[in-house]
Amino acid sequence: MTLLDIRGLTVATTFGAPIIEGIDLQIAEREILGLVGESGSGKTTLGLAALGYARPGSSVTTGSIRIGQEAILGRTARDLRRLRGRVVSYVPQDPAAAMNPARRIGDQLADRVAHRPRAERSNLIIRALQRAQLPAEPAFLARFPHQISGGQQQRALIAMAIVAEPSLVVLDEPTTGLDVVTQAALLSELNALHDQIGASLIYVTHDLAAVSTIADSVAVMYAGRIVERGQLREVLSRPRHPYTIGLMESVPDHGRPTKLRGLPGVALGVGQWPVGCPFEPRCRQAQLDCTLAMPNFETIHLDHAVRCFHWRQTPPIAVHEPLRREQLADREAILTVDRLCAVHGRGADQIVAAQYVSLTVRPGECVALVGESGSGKTTIARCIAGLHKPAAGTIVLHGQKLAALAGDRSRKQRQHLQFVFQNPYESLNPRHTVGAILSHAAAMLRNLPESTARNEAARVLDEVRLPASSVKRYPGELSGGERQRVAIARALIADPGVLICDEITSALDVSVQAAVLDLLGNLQAAHGLAMVFITHDLGVVASIADRMLVLNRGVICEQGNVSDLIVRPTDEYTKRLLEAAPRLELAATGIGSTT
Amino acid sequence: MTAPMARTTPNDARGLGRRLRLARHPAAVVGLILLAVIVTIALIGPYVAPFSPTAVADLPFATPDMHHWLGTDELGRDVLSRVLNGGQSLLGLSVLATAVAYAIGLPAGLAAGYTRSRTTNSIIMRGVDVLLSFPPPLLLLVVATGANSNIWAMVLAVGLVLAAPLTRIVRAGTLDVAQRAYVEAAVARGEHTGRILRREVLPNILSVIFADVGLRLSYAVLLIASVNFLGVGLQPPSSDWGLMIAENRQGLNLNPWMVIVPAMLVAIITVSINLVADGIARTLGTSIERAR
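Chain order of the listed sequences is G and P. Residues in the first sequence are numbered consecutively from 25, following my numbering. Residues in the second sequence are numbered consecutively from 4, following my numbering.
A portion of the hints provided could be inaccurate.
As the list claims (entries may be wrong) - Listing some non-contacts, in silico: residues in chain P with all C-beta distances to chain G over 12 Å:
1. Pro29
2. Phe64
3. Glu77
4. Ala184
5. Arg198
6. Leu268
Claimed, not checked - To give a feel for the contact side, a few chain G residues facing chain P, derived at Cβ under 8 Å:
7. Ala409
8. Arg435
9. Asn453
10. Pro454
Said to hold, decoys possible - A few chain P positions that, by computed beta-carbon distances, are all more than 12 Å from chain G:
11. Thr148
12. Gly149
13. Gly234
14. Arg252
No wet-lab data here; the hints were simulated from the structure. Here the structure is a predicted model, which means the values were calculated and not measured. Note that CB positions come from ideal geometry on N, CA and C, so glycine has one too.
Build out the structure end to end from the sequences listed, making use of the hints.
What follows is the structure, given as structure tokens:
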């Protein structure tokens with residue numbers, strides 16, 4: 025039985041530019057649909073439209089939406105409010121921002137069942153809490169949102185969404201921003217929850233790996249349209265849209281370490297859509313007719329549909345050559361960290377972030393520091409970069425002991441050791457052009473005259489594959505992936521020997537992450553760079569690192585070659601991380617072995 | 004947010020475009036016109052005044068007539084001529100006091116916001132607290148007594164009074180920017196503190212400062228006018244607007260224009276500056292959101 029029936033839905037801005045267009049989507053009762061796409065593809069807009077909601081500045085222009093017997097569109101605001109939460113509900117993206125910080129969890133839950141008879145309410149609340157794996161105790165209900173952990177906040181939001189027993193729940197990126205262990209726990213809880221409540225779920229995400237562990241079917245969105253839709257197994261085992269293939273090849277998987285291939289190019293923004301297929305500029309199998317007209321959404325097998333003229337030519341998903349690593353063990357270490365200890369705070373509030381951490385990095389080698397959030401990996405990186413004063417231990421670069429703080433190191437030392445920050449939205453000064461940012465770093469660290477520095481800026485921009493015209497642009501005009509490339513270029517222009525990358529892909533979409541990792545791998549090979557790569561994602565580790573160190577609460581609990589550790593972890597903590605790491609569930613579909 | 008308009012390029016964000024966007028706020032346009040009128044009066048007033056501002060032209064407290072459009076004051080001087088001459092000193096001294104406030108408050112706020120040393124921060128911020136705990140007129144009267152009503156000492160004192168809240172604003176902005184990764188990147192490059200403040204921090208708190216300039220300037224106008232009104236700033240026979248209000252109070256029922264006109268002009272200055280400042284703050288606010 026079809027539960028959600030969307031036909032011909034278009035949501036446009038008040039200026040008339042469509043954000044999503046011509047959406048046809050049916051979801052059966054109890055079905056879990058994974059709605060996948062890059063940022064800006066319109067997936068959240070579609071998810072919200074199912075609640076009859078369009079963000080300020082946009083509105084539903086055409087189409088119809090039915091949930092069961094209820095038509096969603098064309099109702100008054102008052103009438104819609106009656107449906108939201110009871111027939112269809114929504115779990116917003118950022119749990120910390122989505123709850124009212126001034127109200128207790130219990131009160132916020134009670135709001136959602138205020139329409140029920142008083143006698144039922146507490147039973148409903150208790151049942152919702154139990155299903156969301158939260159303690160159903162008065163003490164918990166009396167808490168304020170800031171008094172519970174991030175994972176609990178996310179579960180509390182889910183409890184709020186299911187408490188009035190809706191038949192459809194829209195979850196918007198529920199695991200983005202959580203670390204792998206919490207994410208894995210939440211996904212398995214969602215599965216259990218789904219069995220209990222019998223509602224349909226729409227799981228909105230950019231992460232195909234997360235979808236593959238939970239969904240029954242998948243819809244892939246690109247530039248406001250659904251480009252491929254079908255049963256999960258069928259789509260993942262034989263994707264027919266080149267964009268789906270691109271997304272799948274972007275997902276790092278520690279079980280099958282491959283060279284990641286990112287999608288070339290950038291996703292289109294609203295209002296930039298061409299006449300033809302919007303994916304054509306990035307497509308590997310584009311032909312002339314793709315630029316002339318938009319392909320129809322063609323059903324190719326049962327409920328597998330695809331929006332591509334040339335889906336018959338789409339090759340099966342290829343497994344790219346695994347990474348070959350040269351023997352590096354005989355090279356002399358370029359960076360040595362010896363028994364490093366670091367703390368935060370002082371006196372009684374002191375928190376130990378690193379305890380006797382030692383590591384060596386050789387030229388051309390990538391060493392990954394892996395751990396959950398709070399394991400101390402970022403603090404270690406900051407100590408190496410001279411941004412955090414270690415409590416004890418030594419850091420040796422090129423045989424010279426480094427001063428604790430960057431300001432006390434020599435220019436040569438600072439030049440040799442470069443740092444790329446986690447968040448590209450924060451690491452570039454919004455008031456300087458890309459050209460100024462790059463040439464200033466070159467002038468500062470290499471003492472270059474201005475004209476040479478400008479030439480160098482053009483050279484590194486080319487190396488990170490940004491157009492030379494980028495020098496005149498401000499960071500605010502660039503996408504997240506482009507900004508991170510600029511940040512990498514700023515490190516490269518110093519001509520460094522060691523590059524420290526602090527979670528540099530965690531703020532990026534999977535496809536953009538793949539492109540950035542691909543770039544880093546090539547740069548490392550070309551320059552013989554030594555890299556310290558900080559991440560919580562073991563798939564990323566497998567695709568880029570040679571050796572890894574696993575950190576648990578500031579202590580190295582295991583270290584070794586990536587290829588060995590991923591297959592044969594000995595430490596319990598490493599095993600736990602490996603189990604939790606998301607994987608594209610290809611083994612179940614039998615595709616991994618056939619090609 | 005999802006507006007389909009073309010992304011603003013930095014060029015128009017910096018030049019014409021910003022002024023055009025200011026034009027979208029009608030209140031700001033009105034303020035700009037009023038301000039232009041006042042500044043014009045202050046600048047060319049002395050050259051078009053029909054009489055000397057200090058010469059006795061008629062009987063005291065004469066009502067307006069053909070010769071003296073605004074009548075005469077307590078000494079029989081032409082009010083219109085005095086009004087036309089009295090703007091320069093008020094506006095000039097206010098701008099000077101505001102400049103003093105920025106010369107003190109900007110470096111103090113940057114230092115207090117950026118330093119990791121608790122002592123430096125405490126010294127600066129407790130100084131600010133002390134300044135803020137005096138009612139400004141009281142402070143100004145104390146300085147006037149000590150400095151024997153020297154006008155430059157008064158300007159300095161007004162600047163100091165205005166610097167205190169400015170220091171707080173700049174410090175708050177600096178605290179926010181100082182923890183951004185691009186500042187850390189500069190620290191890791193080994194940049195000097197002064198250069199980090201100038202290159203990385205200052206450009207990012209400029210919008211806060213721009214929004215504040217108008218407020219500071221209108222306070223300066225009010226304080227300078229009060230100083231002159233209280234008789235501890237400019238001395239007779241200056242034709243300053245604040246001074247005129249004070250001198251001519253006794254004759255208010257004989258020729259009200261000699262008090263009303265300068266009072267209105269002071270009021271119009273502060274209102275118009277505030278309208279313009281508000282418009283600038285709004286355009287900056289939206290352009291900052293777009294930049295993010």
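Would you list, in rising numerical order, the hints stated earlier that this structure does not obey?
-> 4, 5
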